[in-house]
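Peer 1: Residues per chain are reported as follows:
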Amino acid sequence: MTAYILRRLLYAIPILIGVNLLTFVLFFVLNTPDEMARMQLGEKRVTAAAIANWKREHGYDQPLLFNEAAPGLAKVTQTIFFQRSVKLFAFDFGSSDNGRAIGYDISQRMWPSLAIAVPVLLVGLALNVSLALFIVFFRATYLDLGAVVLLVAMMSISGLFYIIGGQFLLSKLFHLVPISGYDTGWNAWKFLILPVIVGFIGGVGSGARWYRTLFLEEVSKDYVRTARAKGLTERRVLFRHILGNALIPILTGVVVVLPLLFMGSLITESFFGIPGLGSYTIDAISNQDFAIVRAMVFLGAVLYILGLILTDISYTLVDPRVRLQ
Amino acid sequence: MPVMPVILWTDALVFLLLAIGLGFALYASRHEHLRAPWRRVARSRVGMCTLVVLACYCLIGVLDTIHFRLPLADQVSQPAGRQFGPEVLSLLDAWATPLRQRQEKTYSAPFATHLFVKEAITQPDGSVIRDYPPLRYGGQHLKDPSQRGWDIVATALRGLIGGLAVWGSIVAAILWRKARRRGLTLSVMFAQARAARTEVPWRTVLGTLAAMLVLGFVAGTLALKYHILGTDKVGEDVFFQALKSIRTGLVIGTLTTLVMLPAAVLLGIMAGYFRGWVDDIIQYLYTTLNAIPGVLLIAAAILMLQVYMANHAEAFESLVQRADLRLLFLCLILGVTSWTGLCRLLRGEALKLREADYVQASVALGVGHFAILGRHILPNVLHIVMITLVLDFSGLVLAEAVLSYVNIGVDPTMNSWGNMINSARLELARDPVVWWSLAAAFLFMFTLVLAANLFADVVRDAFDPRLRGAR
Numbered sequence: 001m002t003a004y005i006l007r008r009l010l011y012a013i014p015i016l017i018g019v020n021l022l023t024f025v026l027f028f029v030l031n032t033p034d035e036m037a038r039m040q041l042g043e044k045r046v047t048a049a050a051i052a053n054w055k056r057e058h059g060y061d062q063p064l065l066f067n068e069a070a071p072g073l074a075k076v077t078q079t080i081f082f083q084r085s086v087k088l089f090a091f092d093f094g095s096s097d098n099g100r101a102i103g104y105d106i107s108q109r110m111w112p113s114l115a116i117a118v119p120v121l122l123v124g125l126a127l128n129v130s131l132a133l134f135i136v137f138f139r140a141t142y143l144d145l146g147a148v149v150l151l152v153a154m155m156s157i158s159g160l161f162y163i164i165g166g167q168f169l170l171s172k173l174f175h176l177v178p179i180s181g182y183d184t185g186w187n188a189w190k191f192l193i194l195p196v197i198v199g200f201i202g203g204v205g206s207g208a209r210w211y212r213t214l215f216l217e218e219v220s221k222d223y224v225r226t227a228r229a230k231g232l233t234e235r236r237v238l239f240r241h242i243l244g245n246a247l248i249p250i251l252t253g254v255v256v257v258l259p260l261l262f263m264g265s266l267i268t269e270s271f272f273g274i275p276g277l278g279s280y281t282i283d284a285i286s287n288q289d290f291a292i293v294r295a296m297v298f299l300g301a302v303l304y305i306l307g308l309i310l311t312d313i314s315y316t317l318v319d320p321r322v323r324l325q
Numbered sequence: 001m002p003v004m005p006v007i008l009w010t011d012a013l014v015f016l017l018l019a020i021g022l023g024f025a026l027y028a029s030r031h032e033h034l035r036a037p038w039r040r041v042a043r044s045r046v047g048m049c050t051l052v053v054l055a056c057y058c059l060i061g062v063l064d065t066i067h068f069r070l071p072l073a074d075q076v077s078q079p080a081g082r083q084f085g086p087e088v089l090s091l092l093d094a095w096a097t098p099l100r101q102r103q104e105k106t107y108s109a110p111f112a113t114h115l116f117v118k119e120a121i122t123q124p125d126g127s128v129i130r131d132y133p134p135l136r137y138g139g140q141h142l143k144d145p146s147q148r149g150w151d152i153v154a155t156a157l158r159g160l161i162g163g164l165a166v167w168g169s170i171v172a173a174i175l176w177r178k179a180r181r182r183g184l185t186l187s188v189m190f191a192q193a194r195a196a197r198t199e200v201p202w203r204t205v206l207g208t209l210a211a212m213l214v215l216g217f218v219a220g221t222l223a224l225k226y227h228i229l230g231t232d233k234v235g236e237d238v239f240f241q242a243l244k245s246i247r248t249g250l251v252i253g254t255l256t257t258l259v260m261l262p263a264a265v266l267l268g269i270m271a272g273y274f275r276g277w278v279d280d281i282i283q284y285l286y287t288t289l290n291a292i293p294g295v296l297l298i299a300a301a302i303l304m305l306q307v308y309m310a311n312h313a314e315a316f317e318s319l320v321q322r323a324d325l326r327l328l329f330l331c332l333i334l335g336v337t338s339w340t341g342l343c344r345l346l347r348g349e350a351l352k353l354r355e356a357d358y359v360q361a362s363v364a365l366g367v368g369h370f371a372i373l374g375r376h377i378l379p380n381v382l383h384i385v386m387i388t389l390v391l392d393f394s395g396l397v398l399a400e401a402v403l404s405y406v407n408i409g410v411d412p413t414m415n416s417w418g419n420m421i422n423s424a425r426l427e428l429a430r431d432p433v434v435w436w437s438l439a440a441a442f443l444f445m446f447t448l449v450l451a452a453n454l455f456a457d458v459v460r461d462a463f464d465p466r467l468r469g470a471r
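Here the protein sequences come in this chain order: A and B.
Numbering-wise, the first sequence is residues 1 to 325 according to this note's numbering.
Numbering-wise, the second sequence is residues 1 to 471 according to this note's numbering.
To be clear, the hints were calculated from the coordinates, so they are not data collected in a lab.
Treat each hint with caution, since some may be false.
[Unchecked claim] The following label-pair restraints were derived from C-beta to C-beta distances: (1) A:3 x B:356: 57 to 63 Å; (2) B:283 x A:319: 21 to 27 Å; (3) A:30 x B:40: 45 to 51 Å; (4) B:319 x A:69: 54 to 60 Å; (5) B:207 x A:138: 55 to 61 Å; (6) A:56 x B:277: 44 to 50 Å.
[To be verified] Lysine-lysine pairs mimicking BS3-like chemistry, simulated, CA-CA at most 30 Å apart: (7) B:118 x B:178; (8) B:143 x B:233; (9) B:118 x A:172; (10) A:172 x A:190; (11) B:352 x A:221; (12) B:143 x B:178; (13) B:105 x A:172; (14) B:233 x B:352; (15) B:143 x B:352; (16) B:233 x A:172; (17) B:105 x B:225; (18) B:118 x B:233.
In this text, a Cβ means the ideal position worked out from N, Cα and C, and glycines have one as well.
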């Protein structure tokens, strides 16, 4: 097991190098720092001196890959590639284009993101699974059909409409909760209710439908027939046997997204004005702050790989048949 | 009137897609293993109903894809040195010219005769009052504004009759053809269709067609007199915007899959067939791409494109071309983020197929690897490709809206549902609420995505032999 995890961690290194190279090419080779500076300073009438100045201020004034002017080892380290890309491996994100330390910002903004993402995930999981079990209990009836049609219809509505509708109904019309904003500590709860509700409603269509398919697949298996033949009640069959066995794909599906919860949700956070990593990313995109976008790309890749490894481990925990070697 | 045809990049790809679709339909009709599932789709009522809706959308989309430039008006007399206007129009634009050109000053509600905001109006006697000024076009044919309700009903009725007439002739034509082919009389054929005793559920098909035609005609006739879905901030007709957005949605939903298809199919079946180091490299490739959060990759790529476009403004002849290139680029980059799923599926399938007897036999007989890939593996994974194409469609249409909200979607000058939502979102804070842009985007998007989702379910059920017993 330890050897397996170690090997998976080693396997992650070439992937991260690949991600890094790709972002490097995307951000520095396809678009030179000169063009970036021109863009930031305002398109056309920019003097060469202003560009050089901007590059020096933001640390882009070094060569891309190889610094001839520097002595010794600094030939490699005094380059944009080393300063900006290699340092990411040590989680040294540097500073953003407006001068703030990205690492500090991330560590601060992580918590509001989690405050939204974790309840949305847990509430959604619990409600979706119960709803799916309920539908499967009434399978092949009009209730089943109606519920599936409703779920497909809900799936077909863009998430933006749920957010806009939720804000409009609950906040503007009924004044139940604030439209957007955030507060520190436990006072944040009233700002979190609406995003969590909207997050659940937006995800119930695809979520409950997916779990329903999982349960339906189990329903036709032999062990279920055996359980029924033993004379167990339908309720017991459903909750003990089917739910237990369907938990494996459900659990692994959840584990894979767990690390990515740190990244937050772009749309939800920016609509509800929550100072998490999602809105951080959106702001960076609209301000064209490439340093932050690069840092978030790297962080996302790390968390994705972490999710994959966790999934493999969780397989061995819930399913004794799976052995890692 | 001679026009100068303009083929934008996405137009060319849409035509290519249509050609591939036709070619594939021909191919599928000659191969039983592909024809049988489609026959199952054709027998499904939900499948055919949604297919009619999708076909209506596609028709509008295709009309909006044929672009041209009109000649300048004053030079028609001298055909030798004819000059063409700078504006790139589509057939839909030309057809809906009244909708396109009747621009109001700013917001007006659906079916309104007056603007939504008060303005200072100078009375004939010179005094100035603040009131809702009348619209320039909407409802201005009315002599007495209080007659509006009756006029709407009468116009709608005229549209209804027109729609039913067209529908009736289409029904008669279809049934007459079918009746003649089977040697039945028209009345027998009609009775069969009405009692739903035909193999293809013609009652459902024709019923849906009736609904779409009537809706279309009523909306069309009303739209000539009123702004049936209101006007937006700069006074453009929202109904027209929603119609124009159809093409954007369809292009994103289909071209994305088209552009990623070659890479996904080739790499997927190669990884599964060759295994070994080829497999390792391809797996490494798609794990790496998958590891980058999709939105960020799109954002990064679009930002790069913006920088490039800002620095090379002279390379683009017109705004339309620029917007079109951005749309194509968005499809490409969405394709890059979404090809991995299909690639992995195909790899798994190819792993299974390479052990099949006929593939082993080909290897033993000395057939080349690429001949095997082309002749034996590829035709047997085509159904997966098709299901993916259908299943991905609705997700991509929805993704466009979200991306446009973050400003990394289509060009802000391009009509799209995402842009409509984005610009309408802020107006919800107004009192009374400007709701019609949102409602229009919702209505058009919901219909398309719902139809696509239901259709995708039918197609998947028809192709997936594993699920067939379960239902």
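Peer 1: Now, for every hint given, state plainly whether the structure supports it.
Peer 2: Results for each hint:
At roughly 35 Å, the beta carbons of residue 3 of chain A and residue 356 of chain B sit outside the given window of 57 to 63 Å. In this structure, residue 283 of chain B and residue 319 of chain A meet the distance hint of 21 to 27 Å, their C-beta atoms being roughly 23 Å apart. Residue 30 of chain A and residue 40 of chain B have their C-beta atoms about 47 Å apart, which keeps the hinted 45 to 51 Å range intact. For the hinted restraint 54 to 60 Å between residue 319 of chain B and residue 69 of chain A, the CB-CB distance of approximately 45 Å leaves it violated.
In this structure the supplied range 55 to 61 Å is violated for residue 207 of chain B paired with residue 138 of chain A, their Cβ-Cβ distance being about 29 Å. In this structure the supplied range 44 to 50 Å holds for residue 56 of chain A paired with residue 277 of chain B, their Cβ-Cβ distance being about 45 Å. The straight-line distance between the Cα atoms of residue 118 of chain B and residue 178 of chain B is roughly 59 Å, outside the 30 Å bound, and the hint therefore fails. Only pairs whose Cα atoms come within 30 Å are accepted, and residue 143 of chain B paired with residue 233 of chain B is accepted, the gap being roughly 27 Å.
Under the criterion of a C-alpha separation no larger than 30 Å, the hint pairing residue 118 of chain B with residue 172 of chain A is consistent with the structure, at around 24 Å. Between residue 172 of chain A and residue 190 of chain A the alpha-carbon distance is near 15 Å, which keeps this suggested pair within the 30 Å criterion. Proximity of residue 352 of chain B to residue 221 of chain A is assessed by CA-CA distance (about 24 Å); at most 30 Å being required, the pair is judged to hold. Distance hint between residue 143 of chain B and residue 178 of chain B is unfulfilled; the C-alpha atoms sit about 50 Å from each other, more than 30 Å.
Proximity of residue 105 of chain B to residue 172 of chain A is assessed by CA-CA distance (about 28 Å); at most 30 Å being required, the pair is judged to hold. At most 30 Å may separate the alpha-carbon atoms for a hinted pair to count; residue 233 of chain B and residue 352 of chain B exceed this at roughly 57 Å. Of the pairs offered as hints, the one joining residue 143 of chain B and residue 352 of chain B is violated, with about 74 Å between alpha carbons and a cut-off of 30 Å exceeded. A distance of roughly 22 Å separates the Cα atoms of residue 233 of chain B and residue 172 of chain A; the hinted pair therefore holds under the 30 Å criterion.
Of the supplied pair hints, the one linking residue 105 of chain B and residue 225 of chain B holds, its CA atoms being roughly 17 Å apart against a limit of 30 Å. Between the alpha carbons of residue 118 of chain B and residue 233 of chain B the distance comes to roughly 14 Å, so the proposed pair stays at or under 30 Å and holds.
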